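Participant: As a plain string of letters, each chain reads:
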Amino acid sequence: MQTPLTKNIKPGRDFATLADYRATGGYEGLRKAVTSMESLQVQQVVKDSELRGRGGAGFPTGLKWSFVPMGENAPATKYFVVNADEMEPGTFKDRVLMEEDPHQLVEGIIIGSYAIRATSAYIFLRGEYHLSAERLAAAISEAYDQGYLGKNILDSDYSLDLYLHTSAGRYICGEETALLNSLEGKRANPRAKPPFPQISGLWGKPTIVNNVETVCNLPHILYYGLDWYHGLGRGKDKGTKLFGASGRVKRPGIWELPMGTPIREILEEHAGGMQDGYRLRGFLPGGVSTDFMLPEHLDVPMDFEAIAAHGSRMGTGTMIILDDRTCPVEFVLNVERFFSRESCGWCTPCRDGLPWVVAILEDLIQGKGRPGDLDLLHHQTRMMGPGNTFCALAPGAMEPLQSALKYFRDDFEKYLRRPVLAEAG
Amino acid sequence: MPNIEIDGAIHEVDGGQNLLQACLALGLDLPYFCWHPAMGSVGACRQCVVTQYTGPEDRRGRLVVGCMTPVGEGLRISLKNDAAKEFRADIIELLMTNHPHDCPVCEEGGQCHLQDMTVMTGHTVRRFRGKKRTHRNQYLGPFINHEMNRCIACYRCVRYYQDYAGGKDLGVFGAHHHVYFGRSEDGVLENEFSGNLVEVCPTGVFTDKTYGKRYSRKWDLQTAPSICVHCSLGCNTTPGERYGELRSIVNRYHGEINRYFLCDRGRFGYGFVNSERRILQPELRGRQAISPDAARELLKSVLEPAEKVIGIGSPRASLEANYALRELVGADRFYTGWTESGNELMQTVLEVLRRTDALNPTLAQIEQADAVLILGEDPSNTAPRLALSVRQAVRNAGFELAAKVGIPHWQDDAVREVAQDLRSPLFIASCASTRLDGIATDVFRGTPDEIACLGFAVARNLNPKAPAVRNLSASLKDKARVIADALKNAQRPLVISGTGCLDKTVIEAAANVAKALQSGGKALSLVVPECNSTGLALLSGHSLEEAEKALESGAAETVLIVENDLYRHAGKSLVDRLLDRAKYVVLIDHSRHPIAGKADLVLPAASFAETEGTYVNNEGRAQRFFSVMLPGAEMQDSWQWLRDAGAGNWEHADSIIAAIASGIPGLKGVADAAPGAGFRISGMKIPRQSQRYSGRTAMRANIAVSEPKQPVDPDSPLAFSMEGAAVQPPAALMSSAWAPAWNSNQSIIKFQAEVGGHLQGGDPGVRLLESSGSLDWFAAFPEPAKAAKGTWLVVPQYYIFGSEPLSSGSPAIAEQVNGLCVLLNPEDLDALQTKSGDALELQFDGQSTVAEAKSDIGVPIGVAAVSFGLAGSEGIDWLTRVPIRKAAAEV
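Protein sequence lines correspond, in order, to chains A and B. Note that this note's numbering numbers the first sequence so that position 340 is 340, with each residue one more than the last. Position in the second sequence (from 1) plus 425 gives the number in this note's numbering.
Because the hints were derived from the structure by calculation, they are not lab data. Computed from a predicted structure; not experimentally measured. One should not assume that every hint holds.
As the list claims (entries may be wrong) - DSS-like mimics (lysine-lysine), calculated; alpha carbons at most 25 Å apart, straight line:
1. A:K7 x A:K32
2. A:K186 x B:K593
3. B:K997 x B:K733
4. B:K829 x A:K193
As the list claims (entries may be wrong) - Calculated from the model, a selection of chain B residues having no Cβ within reach of chain A, i.e. all distances over 12 Å:
5. P525
6. G534
7. E615
8. L705
9. Q706
10. L723
11. S726
12. Q772
13. A891
14. D1025
15. V1137
16. S1261
17. A1296
18. R1310
19. K1311
Here a beta-carbon is modelled for each residue, glycine too, at the ideal position from N, C-alpha and C.
Only chain A is shown next, with the shape it has when bound in the complex:
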């Protein structure tokens, strides 16, 4: 089984240095791209690779790029931005890639930037990722020294500057347009789309925002080619993916596996199954903004469409496990508190709806729930559904809640059946 993204991550080694990285073909993909291909050819290769974004939404990367104005009449300034603001609870895949093999990301950025003829690139890094910051900064500096960055990269006519920006820290900065606002020094509020960043992004210029893992795929696609890449996946989706599991499994962690690997295989073989004394009740397949799935879904492959067919989203592909000794209502309350706190405060449903959801769940758990509360919660999940809010934060927040209400209704109702605590007045 091939693991292109993590092949340089080795036990007993701190991280892959520039020499380590080059020893396994590092920067050869870049060389091929800038010395023998036109930008549009690079775009075409990525399009044909069927690479889909690894940040959670799974949007085809090549298609995303294709909306950037190219050619002589295109704006002179364009940006390529890497979303490294990994703040989805339960998700820690980008961190491993950045800490353990920083040059892989740097090379991917240069290739992506070349593909859209970006003039500058930025890494927007989660503020708490100190080690990543340190290693990326060093890698960027080495890349300049080696002529991979700066003027006339590898003696081509292409020049690029790459900047590392560490976030001041808000979950919403992971939303690509909020990220751009934050990068500009503004409040991290998402922007209305259209216009999409490809037309008016960072400082109003055409901009691509890609996730770290997505970008890390680029050197390999360029270097090893389409056939190789298409051969990696086991299902409909192409390539490999970093899958993870957290919660009461025997071996929490992340593993690079082919796209389409069945969930059961990840949970049972790689994570070692449930800890002794715990039973699997359900799981969020890719971070807290995805719908719960049940043990009966274990044989579903980790593929964007396959997961969607079962009412959830693959998201970041890092699962959070709900065991039988954890109350799903408290689990959801914890999640909703997070989302409520992380709302940017821009649009009404999210800003004022999430705190209400929290208040209802708190009442419920404290025995102060009232008949009709579950219907109200259900109503909120529809109200804050996709399209009704300014960005995807609140719809994401509703996914675990709506699926918990569907799958774990008894647990909610149990709280309603408890004797009501005496209420003052």
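Based on the hints, put chain B in the right spot on chain A.
Facilitator: Coordinates of chain B only, in the frame set by chain A:
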């Protein structure tokens, strides 16, 4: 014009709009908060959701946000379907989770957009059981009260304050449902348009503090259409009265002038009407009261012999008052109250406006300019609302760029994002720093002479037929070329100038630039000093110097002054001499000022709030204002005092207006500025009181239990009553915007021909100045004088708060007025071995003026910019060179 289907009915709508705008323009009720007609859409509140269908087969549809959805041919939507209605009710319910139910004690109550929208969506039952978030309120200065708990986080305040008005010190802090709208710390709001927050805020977070001190519900205010008296732009206002006091001023929409916004001077300057400085009864010298009848007799007797009487009018008095005075004393003995140079300035303005081939633009047209040159005027301080329009004009380059990449102009955040710092060219030539410098492409600082030379040079660069300028410095040549290039490339270039420099060559230079421009869309806007300066200039009269001569020679003995503090318009020595030489001085005015103390007879006049009249604004638009309340028992309109003294036999306002229209050639149009007193709707007058006006039978119960008859108003079609025509009057008679279910000022949407456009039936007022296009080049450009060592050229520095005397009589404004200052270049301060805060003495002939030194890097070396119009500035001879030294004692 695309056709769209709304709830089954086909409507033709204006393309390029968003769906919310289109629905509102059709008169449909669709609730909204974050959208504002002047500020566009951002999609934050999600209140204006409708259901959109893909086609006739689509029964389900999907929810879309109206303000963020462009209209297009074949669009099918429903406002009424259950999903959309439920969603809108849900939004209100969410907004209400934190909103305190304090309407009974909230000053916004009764004119609250949030109340209106809550009722409109049908949210009545509270399901939220959690705690409400609470905030600390801030002290924001004398104008605005802050009550953050009421906030529904629509973001309009910060969008208005920062993005629209260019303010920096009001922002949004925090996140999620704790977002806080305020300053980083307590303090006076810095922006000169802060008062609009009161109307921009859809609920009671920002309210008018001056109104709060004398609070009354909107429905209990007696209102009338009025015109702002605090500068020359003629913004339309609605004053509100209760219990004989003026309680507030709010914006009255005019599609061509102020539209949605006023400046703080105009909104909060009304306090002088309630002031203790009001003259309440006729007085003899030494404040010895006499009866009005005795005063009338006395006035008649001192007006004999008639040829010994001269009259001095006023640029802040109505056309009616000035005309009555002119009739009383005769045109030969009518004086404007300006000096020779003041008269000359205003006649230059008139000549230019009557003969220029450029458009004389309204503020709405100014906002369309795509390149602006401001020559020698500081509109932020002399005509503030115009500066706010200039702020919008510089956005036009950004709108164009946005349109190129397919972003509609109403999508505000996206337009600003793609535009970044791209602005249409704005060049400012001034004697000191201005508040618009931050958005200017480039600034030029110089003396008025140098500013005029720059203008002449720009004109020459644009057109070789323009007179050449000699001895131009290399840097001035460069600037002139850059400015000329920017103006040349514009479709709608605009030159703004005016009387601010007190120098007519500056105005002439501006006229040359306008003439030199080739573009058909070129415009020239001239700012003049006061609310009726243009009207007074149209009447024309002699100067104060001539008045003084007439009194000195004995040709005149008695001087009759109407609504004029002469010290504001002429040097102290001239006015002192004039008053000394007069055998008898009569003053008719509403507020006490130094002339009152020197007059032999003082007659109490009605203020703008207590009378009707006509002002002519800087664009030459005659506009009528109406009394919002009755004057005090012994007061009457200035023109009525003059009529009683024999000026004419005009019975009512209409009679004198008709006399003006037929008697003065340039003023024919004034009769059409508003319908006359005989105007009726279905036989009824227009009520000044709302249908919910309360306490009518009880408000005098402490005096007498019988209800007095409502006062009769023979001078206007308005009535001091609740009764009257319930339908919409013509725009000139519409005091307050109010429509069923729309109690706030946002109801104006129901009275516009299109959203943000003209009022239905046309915006009020009549433009009096037709320009012939025959203006010739002005050739007499100045030769800037060499600076004499040890002297400074004294130029006027205007202040929005302080330079205009009436507003300074308002306590809230008075708090914002600084003492007399002299702005000097830091190098000059060093040369004088002095620093900011020190007292400096400016030594004029025979007298000296003491002012506080302030450093301004914008003031050229050798120039002293001194506060204009403030107490203490009477002795200043403007545009002269004087020595300056450190004052012996601190000011």
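Participant: Decide, hint by hint, whether the structure agrees.
Facilitator: Quick rundown of the hints versus the structure:
1. A:K7 x A:K32: The given pair, whose Cα atoms are some 20 Å apart, holds under the 25 Å limit.
2. A:K186 x B:K593: holds, 14 Å
3. B:K997 x B:K733: holds, 24 Å
4. B:K829 x A:K193: holds, 17 Å
5. P525: Holds, since 14 Å exceeds 12 Å.
6. G534: holds, 22 Å
7. E615: At about 21 Å from chain A, E615 of chain B clears the 12 Å cut-off, so the statement holds.
8. L705: holds, 53 Å
9. Q706: Its Cβ never comes within 12 Å of chain A, the nearest being 57 Å, so this holds.
10. L723: The claim stands: L723 of chain B keeps its Cβ more than 12 Å from every Cβ of chain A (closest is about 68 Å).
11. S726: holds, 72 Å
12. Q772: Holds, because the least Cβ-Cβ distance between Q772 of chain B and chain A comes to about 48 Å, which exceeds 12 Å.
13. A891: holds, 38 Å
14. D1025: holds, 65 Å
15. V1137: Holds: least Cβ distance 51 Å, greater than 12 Å.
16. S1261: Holds, because the least Cβ-Cβ distance between S1261 of chain B and chain A comes to about 32 Å, which exceeds 12 Å.
17. A1296: The assertion about A1296 of chain B holds, with a minimum of 44 Å to chain A.
18. R1310: holds, 47 Å
19. K1311: holds, 45 Å
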